[in-house]
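> Sequence:
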Amino acid sequence: MSCRTRSRAPGALANFTNHRQVRSTRVSISLPPELHERLLRLSEQQQRSLSNLCAVLLSAAMDQQAPLN
0 MSCRTRSRAP
10 GALANFTNHR
20 QVRSTRVSIS
30 LPPELHERLL
40 RLSEQQQRSL
50 SNLCAVLLSA
60 AMDQQAPLN
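Just so we're aligned: the sequence shown equals residues 0 to 68 in numbering that gives the first Met the number 0.
Quick caveat, the hints were computed from the structure, so don't treat them as lab data. Don't take every hint at face value.
[Unchecked claim] For each label pair, taking beta carbons as the anchor points, the in silico distance ranges come out as:
hint, residue 1, residue 2, range
1, Pro66, Leu41, 17 to 23 Å
2, Pro66, Pro32, 21 to 27 Å
3, Gln46, Leu67, 29 to 35 Å
4, Arg40, Asn68, 17 to 23 Å
5, Arg37, Pro66, 15 to 21 Å
6, Ser29, Ser58, 19 to 25 Å
7, Arg40, Pro66, 29 to 35 Å
Cβ coordinates follow ideal geometry from the N, Cα and C atoms, glycine included.
Please work from the sequences and hints to get the whole structure.
Structure representation (structure tokens):
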């Protein structure tokens, strides 16, 4: 998986329910076509943008992780 980031507001936390009001960091990733299709279908079902769905899913996954420090 490749990942490139471009920070728009260092240290800013994204508000995932209304991310347009908060400056966010743009991330580009490569996904297998099957995963991309699944994410697109889920975003349509939930009436979310693909970007918002990915932010919500990543946030939920990170909340379940043990602290790294």
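> Take the hints in turn and mark each one as holding or not.
Tested hints:
| no. | hint | result |
| --- | --- | --- |
| 1 | Pro66 x Leu41: 17 to 23 Å | 28 Å, violated |
| 2 | Pro66 x Pro32: 21 to 27 Å | 34 Å, violated |
| 3 | Gln46 x Leu67: 29 to 35 Å | 34 Å, holds |
| 4 | Arg40 x Asn68: 17 to 23 Å | 37 Å, violated |
| 5 | Arg37 x Pro66: 15 to 21 Å | 29 Å, violated |
| 6 | Ser29 x Ser58: 19 to 25 Å | 21 Å, holds |
| 7 | Arg40 x Pro66: 29 to 35 Å | 33 Å, holds |
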